Amino acid sequence: MAYFHVTTSILTISSYFYLGVNSIKPHTIYRGMAGSGFTRSRGLSNESSPNLYVANCGPAVGLSFDKIKSVFSTYGNVIGVHAADDTGTRVIVCFSEMTAAQAAFKSLNGFSCLDLGGRTLHLRYSVPQQQKVRNNDSLPVSFFSSEVAVPGIHLVHEFITVEEEKKLLAEVDIRPWKSLSKRRVQHYGYEFLYDTRNVDSKYFLGELPPFVSPILDKIMSFPGPEENRSKLLDQLTVNEYPPGVGLSPHIDTHSAFDDLIFSLSLAGPCIMEFRRYPAGTWHLPVSTVNGIDGENSGQWSTFTRQAIFLPPRSMLLMSGEGRYAWHHYIPHHKIDTVGDHVIRRRSRRVSFTFRKVRTGPCHCEYKQYCDSRLGLADGKA
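Counting with this note's numbering, you get residues 36 to 416 for the letters of the sequence shown.
To be clear, the hints were calculated from the coordinates, so they are not data collected in a lab. Since the structure is predicted, the reported quantities are computational estimates derived from the model, not experimental observations. Any given hint could be a false lead.
[What the hints assert, rightly or not] Below, in silico cross-link-like pairs of lysine to aspartate or glutamate (DMTMM-like), each with a Cα-Cα straight-line distance of 25 Å or less:
id, residue 1, residue 2
1, Lys253, Glu193
2, Lys391, Asp252
3, Lys217, Glu200
4, Lys201, Asp269
5, Lys391, Glu193
6, Lys141, Asp120
7, Lys253, Asp150
8, Lys213, Glu199
9, Lys369, Asp120
10, Lys104, Glu132
11, Lys201, Glu242
12, Lys202, Asp269
13, Lys391, Glu132
14, Lys369, Asp406
15, Lys104, Asp120
16, Lys213, Glu242
17, Lys202, Glu226
18, Lys213, Glu193
Work out the full structure, taking the sequences as your base and the hints as a guide.
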């Protein structure tokens with residue numbers, strides 16, 4: 036069911052990349068690979084490779100892959116330039132001929148290159164690394180929820196104005212935070228208990244604060260079934276993530292909250308990944324008092340992945356299958372590589388997550404992910 040109609044223009048979208056990204060085509064966005072398939076040679080010279088590992092060079096220092104390819108092409112045919120890692124400051128340059136790599140190495144290693152901004156380059160020969168059992172880190176990143184193959188996921192860009200964003204941040208900053216190991220939180224309506232991943236519905240903290248009333252009004256005006264619009268959201272968790280801190284994969288506990296979960300992103304951008312694990316193979320995660328579990332990335336060999344870019348002031352809705360059966364996850368790193376560009380998470384990210392506390396067991400159709408259907412709910416009133 037469609038809750039939103041997105042009309043954001045490409046011009047507006049390009050303005051989100053204020054962290055060093057000048058021009059990006061929205062429909063060709065890819066998150067960078069953790070590795071390029073190559074590694075630095077551990078030998079003393081190993082001049083038998085047509086591939087060069089180049090440090091102090093890359094998108095994070097203002098050098099696009101196209102520019103790097105152009106400069107290195109003066110030594111021979113370059114068949115590709117790849118990110119060596121997630122830093123944005125190291126690349127792999129692949130020549131078609133070994134002699135071209137040797138010429139580039141001799142000319143550039145340890146020297147200042149005027150054509151690359153006068154940067155001193157550090158080169159080593161690079162060799163293909165042994166493929167890991169699971170290497171699917173190259174993941175398309177969508178701008179629009181219509182491009183994400185996750186039913187029930189909807190995203191609205193510029194849900195609030197810059198001024199409204201400033202006011203919301205000011206309101207939470209004058210209120211007390213609760214510190215966890217990697218972030219700070221505030222709870223309104225009901226406190227979210229990280230040790231049980233649930234709420235105590237008998238302990239009511241009070242109505243949601245007046246400063247979020249305009250947000251609730253906008254949410255309630257969305258088109259949709261009357262029974263969903265009439266369910267007043269009564270729980271709010273505000274999370275403050277320092278630069279580089281993300282969110283480990285999880286599904287919000289079914290017995291804790293109703294179908295609709297709204298998350299408003301403020302201050303900093305991020306990429307959110309959705310994961311659908313094979314039916315019957317994913318067990319409820321072991322909780323920690325800090326609310327951040329291990330990522331479990333190595334436990335399962337295959338799962339379906341989708342990713343979407345969440346700019347500041349955007350509102351994400353998780354409902355239906357996307358809320359009940361897909362884990363959502365924000366990678367823990369300070370740089371998101373998007374195509375040839377790098378988005379640095381220089382600022383904190385603050386999220387406002389609005390939910391409706393469930394007053395009975397969940398009766399969803401996704402039994403393998405449901406604590407109520409599996410008889411694991413704690414029986415909260």
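To see whether the hints hold, each was checked on the structure:
no. : hint              : verdict
1   : Lys253 <-> Glu193 : holds (12 Å)
2   : Lys391 <-> Asp252 : holds (15 Å)
3   : Lys217 <-> Glu200 : holds (23 Å)
4   : Lys201 <-> Asp269 : holds (23 Å)
5   : Lys391 <-> Glu193 : holds (23 Å)
6   : Lys141 <-> Asp120 : holds (24 Å)
7   : Lys253 <-> Asp150 : violated (51 Å)
8   : Lys213 <-> Glu199 : holds (24 Å)
9   : Lys369 <-> Asp120 : holds (13 Å)
10  : Lys104 <-> Glu132 : holds (15 Å)
11  : Lys201 <-> Glu242 : holds (22 Å)
12  : Lys202 <-> Asp269 : holds (21 Å)
13  : Lys391 <-> Glu132 : violated (62 Å)
14  : Lys369 <-> Asp406 : violated (34 Å)
15  : Lys104 <-> Asp120 : holds (17 Å)
16  : Lys213 <-> Glu242 : holds (19 Å)
17  : Lys202 <-> Glu226 : holds (23 Å)
18  : Lys213 <-> Glu193 : violated (28 Å)
In this structure, the hints that do not hold are numbers 7, 13, 14, 18, in rising order.
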